[in-house]
Amino acid sequence: MSRLITNPTIIKELRQRLRERRSWLLPTLYLLVLSGTVSFAYYFGTEVEQQAIQREVQGADIGLAIFLTVVFTQIIVLLLMAPVFSAGSITIEKEQRTLAGLLTSLLTAPQIWWGKFVAALLFLLLLLFSALPMLAVSFAFGGVEPMQLVRATASTVLVLAAICAVGLWCSAVFRRSVHATACCYGIVLTLSVVTAVIFGILMAHWESNAGPGGIEGPPAYVQAPLFLNPLYPLLSMDDPTFGQFSYPWSSWMLFAALGCLSAALAMRRLQRSGEQL
Amino acid sequence: MIEVDALRKTFRGGRGLNGFSLRVESNELVGLVGPNGAGKTTLIKILATLVPASSGTAHVDGHDVAGDPRAIRAVVGYLPDVPGVYQDMRVGEFLEFFVDAFRLKEPRRTEAIQRALELSELRNRTEDFVEQLSLGWKQRLLVAKTLLHQPKVLLLDEPATGLDPLARIALREQLKSLHAEGVAILISSHILSDLEDICTRVVFIAEGKNVSEPPASTVSSGAPQAVIQCEIEFRGPKETAEQAAAGFPGAHILKSEEGFLLVELPGGAREASSFLQVLLHAGIVVLHFDARGPGLEERYRRAFGEISR
Numbered sequence: 000m001s002r003l004i005t006n007p008t009i010i011k012e013l014r015q016r017l018r019e020r021r022s023w024l025l026p027t028l029y030l031l032v033l034s035g036t037v038s039f040a041y042y043f044g045t046e047v048e049q050q051a052i053q054r055e056v057q058g059a060d061i062g063l064a065i066f067l068t069v070v071f072t073q074i075i076v077l078l079l080m081a082p083v084f085s086a087g088s089i090t091i092e093k094e095q096r097t098l099a100g101l102l103t104s105l106l107t108a109p110q111i112w113w114g115k116f117v118a119a120l121l122f123l124l125l126l127l128f129s130a131l132p133m134l135a136v137s138f139a140f141g142g143v144e145p146m147q148l149v150r151a152t153a154s155t156v157l158v159l160a161a162i163c164a165v166g167l168w169c170s171a172v173f174r175r176s177v178h179a180t181a182c183c184y185g186i187v188l189t190l191s192v193v194t195a196v197i198f199g200i201l202m203a204h205w206e207s208n209a210g211p212g213g214i215e216g217p218p219a220y221v222q223a224p225l226f227l228n229p230l231y232p233l234l235s236m237d238d239p240t241f242g243q244f245s246y247p248w249s250s251w252m253l254f255a256a257l258g259c260l261s262a263a264l265a266m267r268r269l270q271r272s273g274e275q276l
Numbered sequence: 000m001i002e003v004d005a006l007r008k009t010f011r012g013g014r015g016l017n018g019f020s021l022r023v024e025s026n027e028l029v030g031l032v033g034p035n036g037a038g039k040t041t042l043i044k045i046l047a048t049l050v051p052a053s054s055g056t057a058h059v060d061g062h063d064v065a066g067d068p069r070a071i072r073a074v075v076g077y078l079p080d081v082p083g084v085y086q087d088m089r090v091g092e093f094l095e096f097f098v099d100a101f102r103l104k105e106p107r108r109t110e111a112i113q114r115a116l117e118l119s120e121l122r123n124r125t126e127d128f129v130e131q132l133s134l135g136w137k138q139r140l141l142v143a144k145t146l147l148h149q150p151k152v153l154l155l156d157e158p159a160t161g162l163d164p165l166a167r168i169a170l171r172e173q174l175k176s177l178h179a180e181g182v183a184i185l186i187s188s189h190i191l192s193d194l195e196d197i198c199t200r201v202v203f204i205a206e207g208k209n210v211s212e213p214p215a216s217t218v219s220s221g222a223p224q225a226v227i228q229c230e231i232e233f234r235g236p237k238e239t240a241e242q243a244a245a246g247f248p249g250a251h252i253l254k255s256e257e258g259f260l261l262v263e264l265p266g267g268a269r270e271a272s273s274f275l276q277v278l279l280h281a282g283i284v285v286l287h288f289d290a291r292g293p294g295l296e297e298r299y300r301r302a303f304g305e306i307s308r
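Quick mapping for you: the protein sequence lines, in order, are chains P and S. Each residue of the first sequence is one higher than the one before, counting from 0 in numbering that gives the first Met the number 0. Each residue of the second sequence is one higher than the one before, counting from 0 in numbering that gives the first Met the number 0.
These aren't lab readings, by the way, just hints derived from the structure by calculation. Here a beta-carbon is modelled for each residue, glycine too, at the ideal position from N, C-alpha and C. Keep in mind that a hint or two might mislead.
As the list claims (entries may be wrong) - Just a sample of chain S residues kept apart from chain P, beta carbon distances all over 12 Å, derived: (1) 82; (2) 141; (3) 273.
As the list claims (entries may be wrong) - Partner residues are not named here, just some residues of chain P that face chain S (Cβ under 8 Å, in silico): (4) 13; (5) 17; (6) 106; (7) 207; (8) 273.
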């Protein structure tokens, strides 16, 4: 167990990562983007909403608007960053010709994978948790329960972990970082857009046959393509705003399965990557 | 220490190993020589557990390469043909990472780092980034890293490539001292003069197979026969020396100067001794007599001259 934490690859990866210029540039840009979205959500929640509904806007409405805006913005931004951190981490060893040194040491392929995975995920978590104070702003306005924050954060961590695992698999398969990163972006795009398009087609078909969804929303088979959409676990939380999406567990389990499968394939590939050197 | 038997490795491109066999004892420093694409790197990669063999067996220190790769890694130090370094790490951090990767515990951990710094003469540069080191110093660092876990066997694939003459000399001295300490070394290189200087034995490989060395006369006449070259420094008339040398059966004078003869004889040490006696009986005052087999370059030419062409 202690080897999971004291894995030398984690220390090496973090040390190298934190020496790069992007180690301070990315968090700065990330927080600037989130600050902008919080300001936008606040302005939209107070000014625009007030004009639209012609009444005093409740603090709870503003709080919920800020919360949802930040939660969705951060998962979208982090989904764009996850391939950069994960898909290049094994290919860079191949490009720099340092992988042979790792593979002929006493580190096993799972240990190398784990070190790369933890380092990639930790940097994303650094970004995620650095935005928590902004999410906490929503508590000042009310309308958001602490449990919602916990579930949204846990859900985001799970999705990011799965995407990092997919990125590492791409990194184990390809020789060049650019190819691995492009492949990982392709997978993220497929999960985000293609699943939504399939859902849209199924939804239209279901509505034309069974009429509008009503309170319960579309049945599970119509929602099924969305289970692999990175935004679905956030949509399907106990939130009245998106009440029709009600299968968060299915989505969480699918992302966990995707992560585990990618991890297993990446480790297997890493074990055999001596021929790529 | 290393036992390779009928090793085969097939790649999609076609090149690999084709039934190569080798045995290296613990007190040997063996050079692996052959043209490009002969299978040297593939053999070393198989022994380093990076590439699985298609068939045949390979054992290092009694462990099966395919069956027990972890045990192999614990006893083998591997230096690839184009080794990479983490440019953005400091020298000390680089060694610390690999000492941890080899799971060395205190006090062995600190000792190993100190020994590596001593060996590479980088003690005063532990805070320097690896990218600041010259190629020669990087190679020293890599050799030191390869030796961190005190391997019993060293597998070196073209370790002198790109090194300046001084760095090459330093590397040779380092390998000689490791050999003297009892480390078995298998080294692949195209720099034959280096191999000639340090190796106890040289093994030829081509097209993935062992190449036996044809004796000198095979190249010209086809009759398999060993040869030996004798350098003689003498005092006395050149003509008398030439006459005596030419009278020895099979002797062939390669070079003749005032006070110096270079003669090629069929056979080995015994024939050289007889040849010396013939010279002495002819009244030649021999000041220096040196009989040796053909140099590695000549042996390489004999082994691969035909193949290369």
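To see whether the hints hold, each was checked on the structure:
In this structure residue 82 of chain S is not separated from chain P by more than 12 Å, as the shortest Cβ-Cβ distance comes to only about 6 Å. For residue 141 of chain S, the non-interface assignment is contradicted: its Cβ lies about 8 Å from the closest Cβ of chain P, within the 12 Å cut-off. No beta-carbon of chain P is positioned within 12 Å of the beta-carbon of residue 273 of chain S; the least distance is around 52 Å. With 8 Å as the threshold, the beta carbon of residue 13 of chain P stays out of range of chain S, its nearest partner Cβ sitting at about 12 Å, so the hint is violated.
At about 10 Å, the closest approach between the beta carbon of residue 17 of chain P and any beta carbon in chain S exceeds 8 Å, and the interface hint on this residue is violated. Because the closest C-beta pair between residue 106 of chain P and chain S is about 5 Å apart, less than 8 Å, the hint holds. Contact between residue 207 of chain P and chain S, as hinted, is not supported at the beta carbon level, the nearest pair being about 52 Å apart and thus beyond 8 Å. With a least beta-carbon distance of about 3 Å to chain S, the hint placing residue 273 of chain P at the interface is held under the 8 Å criterion.
In this structure, the hints that do not hold are numbers 1, 2, 4, 5, 7, in rising order.
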